[in-house]
Amino acid sequence: MTFDARLPWPVLFAVAVAAVLVAALRQRAGRPGRATGRMLAMAALAVVIAADPAVAGGQVAGVRSDANVMFVVDTTGSMAAEDYDGRRPRLEGVRADIGALTRAFAGAHFSLVTFDSKSRMVVPWTTDVAALDSAVSLLRQERTMYAVGSHLGLPMATMARSLPRPLPSNDDAEHYDVVFYFSDGEQTADQDTTSFRTMRSSVSAGAVFGYGTPEGGRMLLYTGRTSSLEQYIVDDETGVEAVSYIDETSLAAIAGDLEVGYLHRTAPGGLDELAADIADGARRERGDARDGARHLYWLAALGLVALSLWQAAATWLELVDTRRAWRRPTALRPRPTTVPAERRRPVMAWRRWAR
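Using numbering that gives the first Met the number 0, you'd call the opening residue of the sequence shown number 0 and step up by one each time.
In short, the hints are calculated from the structure, not lab data.
As the structure is a prediction and not an experimental result, all values here were calculated from the model.
The beta carbon of each residue, even a glycine, is placed where N, CA and C say it ideally should be.
Errors might be hidden in some of the hints.
Here are the computed distance ranges between Cβ atoms for each label pair [claimed, not checked]:
{"id": "1", "residue 1": "Pro267", "residue 2": "Gly302", "range": "26 to 34 Å"}
{"id": "2", "residue 1": "His263", "residue 2": "Arg27", "range": "45 to 53 Å"}
{"id": "3", "residue 1": "Thr314", "residue 2": "Pro123", "range": "54 to 62 Å"}
Turn these sequences into a full structure, and let the hints guide you.
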């Protein structure tokens with residue numbers, strides 16, 4: 000079984016904890032245990048629905064797109080600077096943005112290119128979105144000991160070898176090659192910045208995304224292993240912690256060379272319209288059904304509907320009783336007539352069950 004949470008896991012965990020705390024307070028206040036259990040069950044089912052559990056064995060409609068989407072990601076040490084969405088690493092924003100863009104290009108071919116001290120094709124052209132997602136989730140800055148500086152034009156040779164994407168001889172699809180370039184724009188290597196104009200004829204659409212702030216951010220030292228000790232990269236010349244700043248001038252120049260748009264990214268979200276506009280430029284058609292996941296959230300949804308109806312009945316009974324209690328002063332209320340036990344038990348049983 001797999002889970003594709005529609006909300007961040009910390010949010011789901013916080014909802015579960017809040018439900019347990021509220022239930023504990025209700026129980027301590029002497030509230031009916033049945034109502035408390037019902038509330039806990041509703042919260043649990045809501046969390047299950049948001050987690051979107053799925054098992055193999057399903058079928059999904061196939062979609063074929065002529066789009067060939069290449070993601071070019073700067074993985075130099077500066078992309079670990081902590082000035083994205085507060086104090087988050089810039090690469091965290093890259094991962095979020097690639098995920099958002101991928102969802103807009105159903106049925107497309109994807110590739111992933113990274114560059115730091117060297118340029119490499121991490122994911123060759125594929126329609127396997129799961130493979131792409133796995134590679135994107137593993138994106139890390141280069142090891143600090145191997146850093147030789149940033150050169151923004153380094154991935155051009157790798158891009159030129161892969162664009163345009165080769166098409167089968169029996170494929171009548173037209174080229175629609177999309178490039179998304181992710182960087183902070185820092186150019187620190189002792190090389191002249193190469194113009195991306197030579198790539199212009201190979202790029203149909205795309206965008207350049209810039210990460211970082213004018214105030215800059217510190218960069219964690221990376222050795223290839225996870226460590227609980229936070230050590231930041233130190234400038235060898237000054238002996239103090241190095242700070243990386245965004246260079247939007249360089250990034251805008253790359254966007255101009257490729258004739259695509261430039262966006263400064265400071266927080267996740269807000270890419271749906273851009274991605275949809277670019278994706279609409281590709282030809283899409285429905286293909287054969289393919290294997291996919293069988294989503295099970297609907298089972299929890301049925302349970303949640305049943306519990307909601309149960310809660311609605313209990314609430315209605317409480318309102319009826321409250322209205323009757325406040326309709327007349329206590330002293331003026333007539334004494335209730337005696338109801339035979341055989342007629343009274345079904346009504347009382349219903350009320351006990353509903354509450």
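Hint by hint, here is what the structure shows:
Checked against the hint of 26 to 34 Å, the pair Pro267 and Gly302 passes, with Cβ atoms roughly 32 Å apart. Between His263 and Arg27 the CB atoms are about 51 Å apart, so this pair conforms to the stated range of 45 to 53 Å. Between Thr314 and Pro123 the beta carbons are some 58 Å apart, a value that agrees with the proposed interval 54 to 62 Å.
The structure is consistent with each of the numbered hints, conforming to all of them.
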